[in-house]
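Asks: If you want the building blocks of each chain, they are given just below.
4 protein chains.
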Amino acid sequence: MAGPRQGDAPVIEICQFGAGRIGRVHAANIAAHPGARLRYVVDVDNAAAAALAAAHGAEATDAESALADPDVSAIVIASSTDTHVGFIEAGARAGKAIFCEKPIHLDLRRVDACLSVLDECNASIFVGFNRRFDPSFAALKSAVREGQIGRVEMVSITSRDPAPPPIDYIKVSGGLFRDMMIHDFDMARWLLDEEPAEVFATGSCLVDPAIGAAGDIDTALVTLKAESGALCQISNSRRAVYGYDQRIEVLGARGMLRAENRLPTSVEHATADGIRTDPPLHFFLERYEEAYKRELASFLDAVAGGKIFSPGGEDGRAAQALAEAAVTSFESGNTVRV
Amino acid sequence: MAGPRQGDAPVIEICQFGAGRIGRVHAANIAAHPGARLRYVVDVDNAAAAALAAAHGAEATDAESALADPDVSAIVIASSTDTHVGFIEAGARAGKAIFCEKPIHLDLRRVDACLSVLDECNASIFVGFNRRFDPSFAALKSAVREGQIGRVEMVSITSRDPAPPPIDYIKVSGGLFRDMMIHDFDMARWLLDEEPAEVFATGSCLVDPAIGAAGDIDTALVTLKAESGALCQISNSRRAVYGYDQRIEVLGARGMLRAENRLPTSVEHATADGIRTDPPLHFFLERYEEAYKRELASFLDAVAGGKIFSPGGEDGRAAQALAEAAVTSFESGNTVRV
Amino acid sequence: MAGPRQGDAPVIEICQFGAGRIGRVHAANIAAHPGARLRYVVDVDNAAAAALAAAHGAEATDAESALADPDVSAIVIASSTDTHVGFIEAGARAGKAIFCEKPIHLDLRRVDACLSVLDECNASIFVGFNRRFDPSFAALKSAVREGQIGRVEMVSITSRDPAPPPIDYIKVSGGLFRDMMIHDFDMARWLLDEEPAEVFATGSCLVDPAIGAAGDIDTALVTLKAESGALCQISNSRRAVYGYDQRIEVLGARGMLRAENRLPTSVEHATADGIRTDPPLHFFLERYEEAYKRELASFLDAVAGGKIFSPGGEDGRAAQALAEAAVTSFESGNTVRV
Amino acid sequence: MAGPRQGDAPVIEICQFGAGRIGRVHAANIAAHPGARLRYVVDVDNAAAAALAAAHGAEATDAESALADPDVSAIVIASSTDTHVGFIEAGARAGKAIFCEKPIHLDLRRVDACLSVLDECNASIFVGFNRRFDPSFAALKSAVREGQIGRVEMVSITSRDPAPPPIDYIKVSGGLFRDMMIHDFDMARWLLDEEPAEVFATGSCLVDPAIGAAGDIDTALVTLKAESGALCQISNSRRAVYGYDQRIEVLGARGMLRAENRLPTSVEHATADGIRTDPPLHFFLERYEEAYKRELASFLDAVAGGKIFSPGGEDGRAAQALAEAAVTSFESGNTVRV
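As they're listed, the protein sequences go chains A, B, C and D.
Using my numbering, the first residue of the first sequence is number 1, and each one after it goes up by one.
Using my numbering, the first residue of the second sequence is number 1001, and each one after it goes up by one.
Using my numbering, the first residue of the third sequence is number 2001, and each one after it goes up by one.
Using my numbering, the first residue of the fourth sequence is number 3001, and each one after it goes up by one.
Hints are computed from structural coordinates only; laboratory data are not their basis.
Predicted model, so just to flag it, every value in this text is computed and none were measured.
Each residue gets a CB set at the ideal place from its N, CA and C atoms; glycine is no exception.
Treat the hints with caution; some may be incorrect.
[To be verified] Short, incomplete list of chain C residues facing chain D, as computed with Cβ under 8 Å:
{"no.": "1", "residue": "Gly2086"}
{"no.": "2", "residue": "Arg2239"}
{"no.": "3", "residue": "Tyr2242"}
{"no.": "4", "residue": "Ala2270"}
{"no.": "5", "residue": "Thr2271"}
{"no.": "6", "residue": "Ala2272"}
{"no.": "7", "residue": "Thr2277"}
{"no.": "8", "residue": "Asp2278"}
{"no.": "9", "residue": "Pro2279"}
{"no.": "10", "residue": "Leu2281"}
[Claimed, not checked] Selected chain D positions facing chain C (Cβ under 10 Å, derived; list incomplete):
{"no.": "11", "residue": "Ala3094"}
{"no.": "12", "residue": "Asn3122"}
{"no.": "13", "residue": "Val3241"}
{"no.": "14", "residue": "Tyr3242"}
{"no.": "15", "residue": "Leu3263"}
{"no.": "16", "residue": "Ala3272"}
{"no.": "17", "residue": "Ile3275"}
{"no.": "18", "residue": "Arg3276"}
{"no.": "19", "residue": "Asp3278"}
{"no.": "20", "residue": "Pro3279"}
[As the list claims (entries may be wrong)] Simulated restraints on C-beta separations:
{"no.": "21", "chain 1": "A", "residue 1": "Glu289", "chain 2": "C", "residue 2": "Ser2142", "range": "16 to 26 Å"}
{"no.": "22", "chain 1": "A", "residue 1": "Asp82", "chain 2": "D", "residue 2": "Gly3312", "range": "55 to 65 Å"}
{"no.": "23", "chain 1": "A", "residue 1": "Glu314", "chain 2": "C", "residue 2": "Pro2165", "range": "42 to 52 Å"}
Here chain A stands alone, though its shape is the one from the complex (with noise of 0.2 Å):
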């Protein structure tokens, strides 16, 4: 559901950087979007981008143009992971306000410096930690927030993917703790509302040995703890055949709240055999089809407010340094303090 019209505020025209399939996905929430209007698509696959661009009214042009065209006054960066810090500088430099896909850069070094530029230009970007727009993951955070349950005490994050990408994939991706996790250390700093303090990971290649061969683990538990006491425990698995498994609970001193997965219809089918409803909606395209939308309706309407970004690089670094601890406990088998 877009947000509202914003009244008299100028259309905020942008940029989008990538057309694959998360660009897709940003494309068309932008074509949707009232307040918004996608100007150009950029990608190293110039047929890719003049089809996305096609297909909702844009251009296809190169960074540099889109960049130097002052009509665009923000940019979606949803290019491939290497290509973020150099597209969140130059946006930076150009006086564009940044969204970017997670992460943004594998080499917390690199982000460091990512961060100092936005700093020398006094920009911020926003970055694309889709699952806290997530309508159930929202409404329960602010369950927690208005002190339904109470001080948080335990927060339990289950997050398997249906099945795992390919080989190709894996070898790129910095492994499962910077690929995958970084989304569940970043509800785990959202949920507990504090810094973890102490990291313990482990984990298995249990689902496919061409994952470890590649020097990768496809299971695996994190347990993090905060200065306050406050625990959390994370799972991960390449592989739940049953679908896209995104469940959080967390546990107060005055209650419990959890968000279940999501079916894709409310059937139930009775027979001697048992009660079987749907598996739950199949990845992340669907479950997070209503996240994705809200998620770029809150970019657009803190552009459009000056308001302040959220989540902001701060929160992209302070995930991607939990998922360097993680490999690092992970490696050594002891706690990792951050």
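Chains B, C and D: place on chain A using the hints.
Replies: Same frame as chain A, now just chains B, C and D:
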């Protein structure tokens, strides 16, 4: 769960009539109750009576002897329907407290004659409408009574057996409305908390043509309307392949209450085909196991405390009168006023 | 979710009649559909027409001009009920493909006259029974069609609004059976997959005496019986304080299917008082948001592909005929054969 | 539900040690079991022993006399933890079949000594890990054993009490890992079906500072890793205000199984605030009522049939060894290999 021990109250000695399926349930519940003792079992099948008596430290005997024993203060009638009135009247004349399985008699005039005998003897009976004692239905009724949903506007009762009984049983059952739906008529009266004034019934033979050949139906819908205008719908089927389907829903001015089926376990099995739970508890012995215990405890509690029996003879009669009205409506296609 | 882009098929240009609440829903769906373009909006309220047209790049005009434009190949009628037949007949004479909100007309004879005009013009209409396109109801129907529960024996439809409409609306609505239950009659026909042969209706005024004073009821139960003996029960109330209650259940020879309400989020809140979830989606705009999109896509798909419209004019007529039979039954207390 | 009567098998006469809360549960289950008879009750509190014995037709006596009675073939130890090994060893020397509540002893070396005595006497014990007999957990385990989800990859165990025990109990309990999580360690071993090789534990005092002052924690997370790489996470809290929270989830290569909490009734209450169900069954006496019955029946069945006791002494020892490893890990912050 048996009721609390009756302090210094003497243990109630009981003679039970009937050693069949439901008789075994009652006998075990009597034996397990701290305030009662199964003293005699009476059945035309002497071997069955002897076996059941032996299992619980009781004695098999004949009706006359049992009723002549002054130590026996209560009787439980769980024999075949045609023997109910005889045992009720004999029990009343012998001054016993009487628990009787529904129905009192299939012929409403004979019911009236029996209730007259009870009146003459200043005796009363507790009629075995076990569903009132189901923990879920009882909790729902308590919530209605406490006004949690305001004035009752619409009651929906779903009641379906897993499979039809043998044709020989169908032939002597009195038909679906008198044999099966009588429980639902009692639930309707209990939940509406007023007498239905109008009855409309329809039905079909869809499950087994042999049931139709025996002059009965196996699928039925009944609509009741009370003087206040409150409505009730009852849905019956002799076959629900997924198990015993026993649900209640009450819409009120300030909310809705419903009691869903109970499942044997809480296990969920998720695969790519969906998420599967158990089917409902299979049939009445499983679903109403606890209800039968609470029903007996309620009877014994009323006996020990000199309380009015509820549900009593008038409740038994009223449910049967609704069944008769349903038969008349079904045959005429018109609403019947009661 | 809009249907797939129609390849090289020309975009369908549409004139919409009606710029009210439901008109705004259809207009937005047309605008978002890649195979359609909202060309004109017609409404007696010129300002409303102009605003809605402006929001979607269309033009506000009068009916005559719009129908005279040969580029307009389809019309969507979402104006007040009394104007439906006029626009249908004009559209038919102009050779347009016609989508019309239910009902065609409150007077069944006028419906028949309108259907005759369509016949003469060799035109047909798509009637807006949106519930057939609800993802859950559509999935349930597919499962029935595929034989997953065997022969259909009993259909149960629960349909309750969160709160009654204004009394002024009640007065011109045609009454509960024609205005509200007509959707359920369509669902009954669709799910039984045969014509009901007998109708029995009862009802009461329980929610608001003003509704009774206006000659209407607000709470109703209807029972349908098909020639095959299959049964259907429909439960309507103008008030369910917990939200829009839209559920369907179908019992078959080999199982049961039911579609429960949809909740806005999957959040559960556990405290000592119990476990609380959201109430159902509040009303039809929320619950049927996706259904309206799929309904429009289905209409456009049929237009583009030259397919038969379903649900069509005969479906609209048949549901209304059941509503008339219900009124007759309600007034007489007897079963009405149709 | 008690096991089936043992044909012509002699009734097993039992001496029970302990007449406290859990002792009363076992005594009632023994009394209700057709294959067993409660012969003696032994307790340091003579009055408690006498009352419990009287309630079930047994005799209060001292340990020596009871163990000297050759008619007593089995003992049930439900006394305080520090007395377990004494009764176990005395029972073993007297040739009795032994059921003992967990733990055998808080000191693992004392456990080993006790197991040696059992070996010398050619005796064995059945250890009271009641959760294995919970109908839902047992059904889940059966499904795992039958391969319904393929190879086990990740086990998640949630185990939270409604409220902490008295501080005086905390002080002598051995601490959360030994006292509370021991049940979960047993569940982990049982569900993984292999021995955990690595243990990581963390925890906090969040519920009550007095627990911290007593040197204990009240909130804990433990991660286990088996040689195969299979993982397990355990979450414990001494306080869940919504009731006893006992859930299990097992992810496998071909699906996921989970056992949710059980609720007292199936009633749902819908208002504008949402849909509310009961909270979970309050505590272990309610939740595991059926488990305790099945556990006892399993013990008696093994005694009668000369079967191996399961869970046995080695299971008791292994769970305690994991608790010790957890304590070491918690104190060091590092993974402990077992």
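Asks: Determine which of the earlier numbered hints do not hold for this structure and return their numbers in increasing order.
Replies: 1, 2, 10, 11 and 12
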